[in-house]
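Enquirer: All chains, please: the whole structure from these sequences, using the hints.
Numbering that gives the first Met the number 0 puts the first residue of the sequence shown at 0, with every later residue one more than the last.
Hints listed in this document are in silico derivations from the structure and should not be mistaken for laboratory results.
Treat the hints with caution; some may be incorrect.
No more than 25 Å apart at the CA atoms, straight line, and that leaves these computed lysine to aspartate or glutamate pairs for DMTMM-like [stated by the list, open to error]:
#, residue 1, residue 2
1, 163, 149
2, 171, 211
3, 43, 110
4, 18, 149
5, 43, 167
6, 70, 40
7, 18, 62
8, 1, 195
9, 36, 99
10, 116, 100
11, 171, 134
12, 65, 100
13, 116, 149
14, 180, 149
15, 171, 110
16, 74, 195
It should be emphasised that the depicted structure is a prediction, and the values quoted were computed from it without experimental measurement.
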Amino acid sequence: MKHLIMVVEDEEALGLMLKYNLEKEGYDVLVEPRGNKALAEVEKNQPSVILLDWMLPEISGVEICKLIRSKPDIKNIPIIMLTAKGEEEDKVKGLSAGADDYVTKPFSVPELLARVKTQLRRAPEPQTEKELVFEDIRMDLVEKKVFRGDNYIHLGPTEFRLLKMLMETPGKVFSREFLLKNVWGNNIYVESRTVDVHIRRLRRALNDFGPDYIRTVRATGYAIDTNFADDAEANVDEES
Numbered sequence: 000m001k002h003l004i005m006v007v008e009d010e011e012a013l014g015l016m017l018k019y020n021l022e023k024e025g026y027d028v029l030v031e032p033r034g035n036k037a038l039a040e041v042e043k044n045q046p047s048v049i050l051l052d053w054m055l056p057e058i059s060g061v062e063i064c065k066l067i068r069s070k071p072d073i074k075n076i077p078i079i080m081l082t083a084k085g086e087e088e089d090k091v092k093g094l095s096a097g098a099d100d101y102v103t104k105p106f107s108v109p110e111l112l113a114r115v116k117t118q119l120r121r122a123p124e125p126q127t128e129k130e131l132v133f134e135d136i137r138m139d140l141v142e143k144k145v146f147r148g149d150n151y152i153h154l155g156p157t158e159f160r161l162l163k164m165l166m167e168t169p170g171k172v173f174s175r176e177f178l179l180k181n182v183w184g185n186n187i188y189v190e191s192r193t194v195d196v197h198i199r200r201l202r203r204a205l206n207d208f209g210p211d212y213i214r215t216v217r218a219t220g221y222a223i224d225t226n227f228a229d230d231a232e233a234n235v236d237e238e239s
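Expert: Here you go:
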């Protein structure tokens, strides 16, 4: 599989230049110009390396770096900071936030590509797990499709992410707050009851073709399980 490089850069010309040169090297490339969307895109796409601009309009690259390092499922992704700041104390600040490398603008493309290759040698290989299965529900993580038995289930992107999180740890109860943070992202404000709305949509889509495996744990949250009382005591993942 090709490695995916994610570029978080709000300067359109620079983002396009990086995309062109990285694709020439055989990488898949995703450019995200919006700092407030970057974390959700990292979680969704699980890139092999992130090129992260320091100066972004909504949230700084340093803050994004800290948020990435705080999340268990993405904390080990290598991050190369791209910045016009060249002072030693700025480099220390970027590295202390969790960056693996630091490139000062303007930089040469060959040097940046060499640094990307260095980080890829340290990074884990792209995931080979491309499917999640729970009972008769199957998620194709490559094609972003869900099937129940032989039936294709049409889900919106939010319902897909919710189901993926539940299916990754069957039997575990996720609080609404945890789901909001990890499905919608830190920088998007929605009411906690929004989770209930999307769970109902997910249930309706799945339950047309089989029994309801999504369990509501009263006053706490949701899990996917085949034998789970609605008011059962459970290990609940709360927002810290």
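Enquirer: Are the hints correct? Go through all of them and say.
Expert: Hint by hint, here is what the structure shows:
no., hint, result
1, 163 - 149, "holds, 19 Å"
2, 171 - 211, "holds, 16 Å"
3, 43 - 110, "violated, 28 Å"
4, 18 - 149, "violated, 39 Å"
5, 43 - 167, "holds, 14 Å"
6, 70 - 40, "holds, 13 Å"
7, 18 - 62, "holds, 23 Å"
8, 1 - 195, "violated, 37 Å"
9, 36 - 99, "holds, 21 Å"
10, 116 - 100, "holds, 12 Å"
11, 171 - 134, "holds, 16 Å"
12, 65 - 100, "holds, 14 Å"
13, 116 - 149, "violated, 42 Å"
14, 180 - 149, "violated, 33 Å"
15, 171 - 110, "violated, 45 Å"
16, 74 - 195, "violated, 28 Å"
In summary, the numbered hints that this structure violates are 3, 4, 8, 13, 14, 15, 16.
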